[in-house]
Amino acid sequence: MAPPPHRLYSDELSRSFQRGLPIANPQAVVYTDVHGQCHVRPVEIGDVGFIQPDHGHFVSLFNVHREPGVDGQPLSDELPDGFVPLRRHTIMSVTDLTPSFVSESVSVKEMNVAASGPYIGGFAGFAATSKRGAILATPDPIECHNAHHILSYRIYARDNIEGWVDLAKQVDDRIELEDLILVTGVDRTTSWATAVFSDKHLNAGFGLQIQFVGAGPGVQLACRYTWQNATGALVNAGPAPSQLTATAHPRSWDLSIPRDAEHQPLNTVCDQTLFVRHLRAKRRRPWRGLKLMARGERNDSDNEMDDDPSNIDITSVPERTQFTDSLEPILDYILENTRANIAIAHDDDLNFSSAMKIPSLLSSIIDLRNGIGVFLFGQPEAPVQQIQLSQDFWGELERNIAAERSIYSNRLGSSHTKEVLAYLPTPDSSDTPVPTGQEREAERAGKAPSHIQHTEHDQRRRNDGQTAPLSEPSHSRSPELIDLLARGRAGEFSPKRLQGQMIGQTTDARPLTPPPDVPGMSRNHGGHC
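For the sequence shown, our numbering begins at -1 and goes up steadily by one.
Just so you know, these hints were derived from the structure itself, not from any lab. Fair warning: this is a prediction, and the values are worked out from it, not measured in the lab. Virtual Cβ for every residue (Gly too), placed ideally from N, Cα, C. Don't take every hint at face value.
[Said to hold, decoys possible] Computed list of lysine to aspartate or glutamate pairs in EDC-like fashion (alpha-carbon distance at most 20 Å, straight line): (1) Lys167 <-> Glu76; (2) Lys167 <-> Asp75; (3) Lys167 <-> Asp31; (4) Lys198 <-> Glu102; (5) Lys167 <-> Glu102; (6) Lys129 <-> Asp197; (7) Lys129 <-> Glu102; (8) Lys167 <-> Asp52; (9) Lys129 <-> Asp9; (10) Lys198 <-> Asp9.
[What the hints assert, rightly or not] Estimated spans, in silico, between C-beta atoms of each pair: (11) Arg172 <-> Met109: 40 to 48 Å; (12) Thr96 <-> His33: 35 to 43 Å; (13) Leu366 <-> Val106: 44 to 52 Å; (14) Glu326 <-> Asn201: 28 to 36 Å; (15) Arg13 <-> Glu334: 19 to 27 Å; (16) Gly119 <-> Lys167: 46 to 54 Å; (17) Asp31 <-> Pro1: 27 to 35 Å.
Take these sequences, add in the hints, and give me the full structure.
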């Protein structure tokens, strides 16, 4: 079964822009409470919800930061059992003026602007090199908001996400764990236009006509969108006029607008959600889609079924297509490299997708608790006591990476070897044997077999029982690995300083060992915009 258009739209833009999950239907949702009152709410940081399977808009169930019954938060009996709000920390906000986002196969062929009466008109023409693509036009300013400390959201999701599924099923019984999203960042604007196409070539002259109206000193907002020659593409624009009567949310532009309705902007409130940064989970399901069926017939003499095992069939059962997005490779990596029953991933984890080509490279920094695995990237604003990493971890990671290099040198063909080994440090001695799992355990206990050669760095680590600063071996590391080791050793994002020390050009004389109270975590940087 072909995916719905909104899934195609999100997949196409995700491949071109690492801004999180693209929302195919950006409109703010109208929620009606038990008293019949309507409320228009955009997506906000801390929202837990899902993408509506049919229409592609984000449905919010509750917000992890709000008290019950406050600012649109449901009452206690409509929240997950034992709900405790998560403290909200630093939020970063910037304004983005990107006018359009197009998928890899699409290009902008024509752009022109002309003045006509009270309007300023613009036209953008598009062309595509394939029969599949997506377009998002955003002529109005985009407000980008990001939570700065993601680790607290990772831990909160790990501790609570299984309890969110039952609540979601009360809203839509098709929702599974994989559908749930915890928002940690959001891009919003006032108006937009979208197009998505599949198995169709775009017509010649396909494009978007936009009219703007002056809305105050130096401010122009879109007041009309018109798609041209759009046969074969599914096009949309918004917000819908019915949404514009009841919003009381974020910031709106302080405008001086003529009273003539024909000259009004489509919207003056940044409540249309374009992208969300998010956490998502996936469950291990080895028998997904299979169902046991008995072939035995009713025995009237004893009212029992035939116990013959041959009377059991395994039948495939059709089901709704599971929700997937750009986090799928990260979730699969966690499930494949740990014994976790559930994996949780965040958009920031995609920064390490290259390192994940190497088996076991990152598996040691997956926190596995109660059957749930999550990467320990991102430093919380307040210390998180649940996370414990040994001081020996980062030095141990270096040795394991060197061992992986030797393994791949022996197992892979020459063409693939170069690609894979680019992500691994070069051992100091090419004839150093690869330690077995038992030998690694013995080495950690200070009882390494005599035939294993150790570097001076390893010897210092055993002598003082601490993680030594990086020595200056002639390692060749990828940027991803440099970043990973820098985060662990310095407790901060400092790959340049680490790389400088590796080649004897360190400009910062501070030691790279982490402070005793920092469990090897990194600060999580925003900048999605």
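Now for the hints, and whether the structure bears them out:
In summary, the hint linking Lys167 to Glu76 is supported, as the alpha carbons are separated by about 12 Å, within the 20 Å threshold. Of the supplied pair hints, the one linking Lys167 and Asp75 holds, its CA atoms being roughly 15 Å apart against a limit of 20 Å. For the given pair, Lys167 sits about 18 Å from Asp31 by alpha-carbon distance, which is consistent with the 20 Å threshold. For the suggested pair Lys198 and Glu102, the alpha carbons sit about 16 Å apart, so the restraint of at most 20 Å is met.
Proximity of Lys167 to Glu102 is assessed by CA-CA distance (about 36 Å); at most 20 Å being required, the pair is judged violated. Taking the CA atoms of Lys129 and Asp197, the gap is about 5 Å. The hint holds against a cut of 20 Å. Of the pairs offered as hints, the one joining Lys129 and Glu102 holds, with about 12 Å between alpha carbons and a cut-off of 20 Å not exceeded. Restraint check: the Cα-Cα separation between Lys167 and Asp52 comes to about 16 Å, which is no more than 20 Å; the hinted pair holds.
The suggested pairing of Lys129 with Asp9 holds, with an alpha-carbon distance near 14 Å, which does not exceed 20 Å. Proposed proximity of Lys198 and Asp9 is supported: the alpha carbons are some 17 Å apart, at most 20 Å. Range check, Arg172 to Met109: about 42 Å between beta-carbon atoms, so the 40 to 48 Å window is met. Checked against the hint of 35 to 43 Å, the C-beta distance between Thr96 and His33 comes to roughly 40 Å, which is consistent with it.
Taken as a hint, the range 44 to 52 Å holds for the pair Leu366 and Val106, whose Cβ atoms sit roughly 46 Å apart. Distance hint check: the CB atoms of Glu326 and Asn201 are about 33 Å apart, consistent with the given range 28 to 36 Å. For Arg13 and Glu334, the Cβ-Cβ distance of about 22 Å falls inside the hinted range of 19 to 27 Å, so the restraint holds. Taking the beta carbon of each, Gly119 and Lys167 are about 48 Å apart, inside 46 to 54 Å as hinted.
Look at Asp31 against Pro1: about 33 Å separates their beta carbons, and that is inside 27 to 35 Å.
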